[in-house]
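S.K.: Let's have the full structure, built from the sequences with the hints guiding it.
Counting in this note's numbering, the final residue of the sequence shown is number 482, and the numbers go up one at a time with none missing.
Misleading hints may appear alongside valid ones.
Unchecked claim - Quick list of in silico lysine to aspartate or glutamate cross-link-like pairs, EDC-like style, CA-CA up to 20 Å:
1) Lys213 - Glu284
2) Lys213 - Glu98
3) Lys155 - Glu284
Hints in this document: simulated from the structure, not taken from any laboratory.
Just so you know, these numbers come straight off a predicted model, no measurement behind them.
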Amino acid sequence: MDQRIIDAFGRALGASCVITDPMQLRTYECDGLTNFRVIPALVVIPTCAADVQAAVRICHDERLPFVARGAGTGLSGGALPVADGVVISLTRLNRILEVDLANECIVVEPGVINAHVTRHVSAAGYFYAPDPSSQSVCTIGGNIAENAGGAHCLKYGFTVTHVLALDVVLPDGSLVTLGGRAPDRPGYDLAGVFVGSEGTLGIVTRACLRLVKRPASIQTLLAAFHSTDDAGAAVGAIIGAGILPAAIEIMDRLSIVAAEAAVHAGYPECGALLLVELDGPASEVDALMVRVNALCSACGAWEQRLAASDDERAVVWRGRKAAFAAMGRISPNYIVQDGVIPRTALAAVLREIHALGEQAGLRVANVFHAGDGNLHPLVLYDRKVPGQEHAAEALSGEILRICIRAGGSITGEHGVGMEKRAFMAEMFAEPDLDTMQRVRCAFDPLRLANPDKVFPRPRLCGEKTGPYEPHPLEVAGVAEFF
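M.R.: Printed below as a string of structure tokens:
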């Protein structure tokens, strides 16, 4: 990068906030999806909203592409840098600015860790509901970019449900406020448009989040089944009975083995494990849990165990939330996938995934938010075995196609990023993609904010659509090391 531009960033933010050393830049070459790697030309680390504005203005004036980055825990390549561009790391914008319990909200900067929000207000009897598995390390800014969910999104909703207002630096460097503390503001829901936009519309510098009062009673049940078919039938029976759990999760045998090896949660050895959490008034939870027990038994549960304390509940969920990372215990490499299907298609889709895995000679572990049909198949492989990596990537793509054919989606919470953009054209017609692009161009006419993400082909604002041309990294299909 031209020294003149580097000096401009140094003057605007301070030399200590600018990284140019090649070895340090490697830290930012990928996010949690390590298949794609690009070393950025420059990394800047602002310490306040004014710094973010200054950095974005320089990018705008110099026509430099930029990528906002939080903790780097994303799993779709959404924070993949641009080789000649700038990474704007928001880790130092990590302050909790205000707690307003009277209005049940909290104001935070984007670098605040998800779990720290609940920790900050738990003594007052409140919590922040979105709880992705990486909540102990992922940041609010990244959650907003991807519209993160988590185990408890079935009852409480995704991140978008809990964002009241955002301060956003637009790609021209201007600062705007989207939304407000009023629960139902008139006009377009621009905050809702921004949440889940994967960094393509600007950068959040402050977020007002909705807090939820902690329920009087919480009960968590483990139910062991011989198969995922039986566990899936129990999910359908519970939801069909009009019961809305706070969370309802399924883990198959492979994921149970991996989680036990990593966390020792005390899970039973079974073909499928169902985790059901109910919360609310104590009398209601007690009555509903009796019904849930009966429904699970009717669907073939051969063991049911109720967590006896908050500590036991924490261990149960620690095992589930550790499932992705725990796969390293049973496989040297794996691909984490993220798709959505209707609940009624669960058994059929899992059987199809299993059959495809057998055809490819690969194991597939499954953990999923069963209540809303959000699947997380983990394709296990060994990169040292010739051809296995490409077979795993092909199988991963076929799983997404299965989700589309079942009437679902290619992502539930991980986002499209770089990994899934080719599949957008299989899920949406070209006029739909063009409409999305027009929204993007309204915010970012120069296409500087996280370019080459989400959409299935590079295009400029106003450009006529054409056939999809894959990115060189997609063609390579493997990690690119520099």
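S.K.: Each of the hints needs a verdict: does it hold here or not?
M.R.: We went through each hint and held it up to the structure:
Under the criterion of a C-alpha separation no larger than 20 Å, the hint pairing Lys213 with Glu284 is consistent with the structure, at around 17 Å. Of the supplied pair hints, the one linking Lys213 and Glu98 holds, its CA atoms being roughly 17 Å apart against a limit of 20 Å. Between Lys155 and Glu284 the CA atoms are separated by roughly 15 Å; this keeps the pair inside 20 Å, and the hint holds.
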